[in-house]
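Just need the whole structure built from these sequences, with the hints factored in.
Positions in the sequence shown are counted from 1; adding 89 to them yields this note's numbering.
Hints may contain errors.
As the list claims (entries may be wrong) - As a list, the in silico DSS-like pairs of lysine-lysine whose alpha-carbon atoms are at most 25 Å apart:
(1) K290 x K96
(2) K290 x K97
(3) K719 x K734
(4) K736 x K719
(5) K290 x K719
Said to hold, decoys possible - Ranges of calculated distance between the beta carbons of each label pair, as one might list FRET restraints:
(6) L240 x V188: 37 to 43 Å
(7) E200 x A580: 20 to 26 Å
(8) S781 x L389: 25 to 31 Å
(9) P630 x D436: 24 to 30 Å
(10) L433 x D224: 33 to 39 Å
Hints in this document: simulated from the structure, not taken from any laboratory. No residue lacks a Cβ here, since even glycine has one placed at the ideal position from N, Cα and C.
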Amino acid sequence: MLGPLNKKLIRDLWAVRGQALAIAFVIAGGVATQVMSVGMLYSLQETRDAYYQRYRFADVFAPVTRAPNALVDDIARLPGVRRAEGRIAAGALIDMPGVVEPISATVISAENGGRQAINDIHLVAGRRAATGRVDEAVVSEAFANAYRLTLGTSFAAILDGARRELTVVGIALSPEYVFALGPGQFVPDDRRYGVLWMDRKTLAHAFDLDGAFNEAVLLLQPGADPTGVIDRLDRMLRRYGGGRAFAREDQISDQFLSSEMDQLTTMATVLPPVFLGVAAFLLNLVFGRLIATERGQIGLMKAFGYSDLAIGWHYLKFAFSIAGLGFLIGAGLGTWLGREMAALFLDYYRFPFLLFQAGAGTYALAVLVTMGVTALGVSHGVWRAARLAPAVAMAPPPPPDYSIAGDWLTNARRLFDQPTRMILRRLLRWPLRAGFTVTGIALAMALYIGVSFFVDSMDHMVDVTFNLMQRQDIAVSFAEPRDRRALFDLAGAPGVLVAEGFRSVPAMLRHGHRQVRQGLLGVPAEAQLNRVIDAAYRVVPPSPAGLLLSENLAEKLDVHPGDRIEVQVLAGRWPRVEQTVAAVVKTYIGDAAVLEIGALNRLMHEGPVISGLYLSVDEAARPALYATLKSTPMVAGVTLQTEAKRKFDKTLDENIGRSVFFNTLFAMLVAVGVVYNAVRVALAERERELASLRVLGFSHGEVAYILLGEVAILTLLALPLGSVMGHFLALGLSHAMSADLYRIPFVVAPSTYGWASILILSAALAAGLVAWFRLGRLDLVAVLKTRE
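In structure tokens:
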């Protein structure tokens with residue numbers, strides 16, 4: 090049996106069902122965001138850790154030029170090393186039937202057709218390449234799906250210039266290529282990059298590495314310091330062309346996966362408090378009105394013996410009922426969104442499986458936060474209800490004091506008509522309430538701007554990266570550094586309009602106690618295809634007198650233009666010199682340390698050597714150029730800039746578009762919830778006043794103007810405040826979501842502010858129409874009989 094207070098609770102909830110539902114949806118937005126982001130973060134962490142452990146993902150990678158196999162035993166004896174393996178990993182080109190463009194690939198050796206002790210593969214179908222079979226290969230699943238390769242399918246691979254026909258005997262996944270990026274790619278493009286696993290002897294013969302390896306992979310003992318192992322490993326491999334060892338956290342696939350987790354953490358930290366803060370504000374509004382209208386009922390309840398605690402708990406249950414509904418809606422929506430996100434992630438992060446599992450702790454945390462914020466939002470109203478004395482509660486409330494606005498409105502009599510002065514008098518009488526309403530509407534607008542700015546940022550990033558900085562059509566990388574004559578050889582290839590060579594070497598940059606491993610890039614002083622720019626987007630030519638450092642790199646090293654830093658090259662003779670920071674430049678993807686190519690050649694004590702080429706080509710001659718590149722032995726990788734941009738745009742449209750859609754939906758819920766509740770509270774508080782005006786002869790439109798004019802003024806005041814708040818929210822998110830791999834520029838287009846304003850005004854218009862129709866159905870006699 091329901092008690093009297095519970096019956097009253099149900100009746101009260103039904104009476105404010107519209108407002109309660111609006112608040113519940115706002116709460117649902119915060120809960121859904123939290124469940125989705127925290128659950129997805131937990132799922133990714135669990136899946137990644139299990140995958141890495143089961144397939145023994147390496148802790149340290151150490152590329153070398155050529156090292157004898159016997160050296161692996163010495164590496165395994167280094168302090169902190171649990172196991173070591175030497176393997177062959179090299180760039181190659183794939184020539185697929187019917188595909189004109191060369192396709193970049195990485196080929197990796199597999200030992201004796203068995204399981205690999207480190208970086209093992211997960212076979213999706215088929216088997217491993219058999220020992221001694223030069224024509225067999227296992228291919229990565231993403232590449233196989235892109236070209237519909239099945240077991241037994243044949244294709245051609247170009248290994249160090251030699252063409253070899255291969256047969257697919259297996260399709261696999263690897264922890265090393267969860268996020269598989271080819272040379273020069275910004276997002277995975279499965280049609281332009283693939284991974285092959287082949288017999289060790291076949292690759293040793295193809296790349297002239299019989300009895301040798303060109304990469305060591307290590308598993309470390311639990312608790313071992315990777316930095317110390319890497320230092321010792323670099324010294325050991327230096328004579329073999331090594332010195333570029335790096336830890337798992339610097340491996341490109343793991344870096345992107347870790348960045349994704351950091352973004353999910355940011356999402357779970359920043360967005361839910363915005364939703365729940367607005368919900369607390371709305372609950373405070375509703376409860377303030379509810380307590381004011383139920384003064385008499387509170388007095389009667391106390392007269393009948395209900396304690397302060399019972400009355401306080403009654404109103405707290407009212408709030409918890411709304412919050413509970415919001416939690417149920419949000420938990421269901423967040424779980425569904427999490428599963429959709431998991432399916433989306435499987436398109437880019439190649440796991441054997443990825444199941445969204447929020448876990449009981451995630452939902453428990455959401456319940457705790459939701460109920461805590463709810464209790465905070467209604468605490469003042471509940472305290473007022475519990476502390477209200479029976480005698481005070483039974484007496485009519487004192488009439489509002491409008492004297493605070495009297496003098497001002499008297500002076501403004503000539504400027505405004507009577508209905509307008511009534512609106513202004515009410516706003517000036519309760520400035521704090523008006524300020525809270527303006528802040529709530531502004532928060533909804535800020536939320537929209539904060540999530541929509543990603544589209545503007547990505548558009549700006551694409552424009553600057555592909556149109557201002559990396560303007561080449563094709564980037565060609567060599568298997569080994571080549572004499573500058575290779576530039577002239579390919580410059581004369583069919584369709585090549587402009588050819589610029591580049592030189593890249595690994596290095597360690599030091600300034601004081603700070604140090605960063607970063608590749609040095611050498612480009613011509615007059616470079617036109619791959620350029621660097623400063624913060625004002627002006628082209629900065631590389632100087633022989635100093636380094637150009639990206640903003641992120643300069644921040645890591647704590648240096649400014651004119652400072653001197655130590656440069657330790659980790660290749661060749663390992664030269665160590667001091668360089669001046671000539672300028673700090675802007676990059677959005679990766680870091681950059683740029684020198685004039687001649688200066689880098691001199692630093693390396695070498696002649697005019699290049700690592701690859703940037704090409705501008707004639708579109709009509711592309712097929713002939715592609716054929717030339719496929720037949721050129723020194724070419725190890727080809728990046729097509731047009732295809733890279735196309736794939737980047739497609740990924741942004743799919744991923745960012747979905748994210749913005751859902752977050753825009755949440756922002757609309759907040760906007761509608763705030764404005765609708767403001768209108769409903771104003772209507773509930775002024776029913777007697779508005780009914781009296783109707784009886785006195787005011788028209789429906791004039792009464793609606795008095796009610797909705799107040800909301801209109803508050804909404805218009807919220808627009809500039811919401812723009813400012815959205816500006817700073819977007820600025821904070823741009824910093825929070827940026828990582829070492831990429832920086833999200835802070836760019837908010839004027840159209841974003843415009844659409845945010847349209848969203849808020851539309852929400853206000855919708856709420857105003859609801860109030861308009863409710864005013865038309867106002868029972869004048871019943872309202873005038875109510876006791877105030």
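Check the structure against each numbered hint from earlier and tell me which ones fail, lowest number first. 1, 2, 6, 7, 9
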